[in-house]
Amino acid sequence: MSDEDAIRCILKAVEIYRRIDRSRFEKGHPDYERTTLEGWAVGALSLRRVIRRLGISGQEAVERAITYGIELPYFADRELEALNSTSSSTVIGFDKSTRTWAELPDEDE
466 MSDEDAIRCI
476 LKAVEIYRRI
486 DRSRFEKGHP
496 DYERTTLEGW
506 AVGALSLRRV
516 IRRLGISGQE
526 AVERAITYGI
536 ELPYFADREL
546 EALNSTSSST
556 VIGFDKSTRT
566 WAELPDEDE
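The opening position of the sequence shown corresponds to residue 466 in the working numbering, with each subsequent residue numbered one higher.
Errors might be hidden in some of the hints.
[To be verified] Restraint ranges, calculated between C-beta atoms of paired labels, are given here:
| hint | residue 1 | residue 2 | range |
| --- | --- | --- | --- |
| 1 | G493 | E528 | 20 to 28 Å |
| 2 | G520 | D542 | 18 to 26 Å |
| 3 | E525 | A478 | 30 to 38 Å |
| 4 | I475 | R513 | 28 to 36 Å |
| 5 | G520 | R473 | 24 to 32 Å |
| 6 | G504 | F559 | 21 to 29 Å |
| 7 | D542 | E480 | 34 to 42 Å |
| 8 | T532 | D560 | 36 to 44 Å |
Calculated from the structure, these hints are not laboratory results.
Since we're looking at a predicted model, the values are computed, not measured.
All residues carry an ideal CB built from backbone N, CA and C; glycine is no exception.
Working from the sequences, and respecting the hints, build out all of it.
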C-alpha cells in the first residue's frame, strides 16, 4: 500500500466516523452493553472497566458476552482472576514533570 492509499484510508475512516450514529456508545442505548462487551473482546477496554460501566460482576460479563456470541479475549480467565485478587488494580506511569512514578487516574472517573 502506498502512502497515498494509506492516507485515503485514514481520511475515509474519519469521514465514516463523523457521519455514523455513535449513540450506541452512550448509556441508555439498547446496544450499549453489547458495544461495551465487544470493546472488551477486542482489547479496547479492560474487564475491570467493563464491570464498572455496566454495574455487573466479571462472571456476568463473561456470561453475557457468550450469550451475545462475542468471542472472549484470550486473557479473559486472567482478568477474572485479577478481579478476585486482593492486589492493587491501579495503573502506574512515569510523571516526566516530577520524574517519579505515580498512580494514573481512571479515565471513567
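ask   = Taking each numbered hint in turn, which are not upheld by the structure, reported in ascending numerical order?
value = 5
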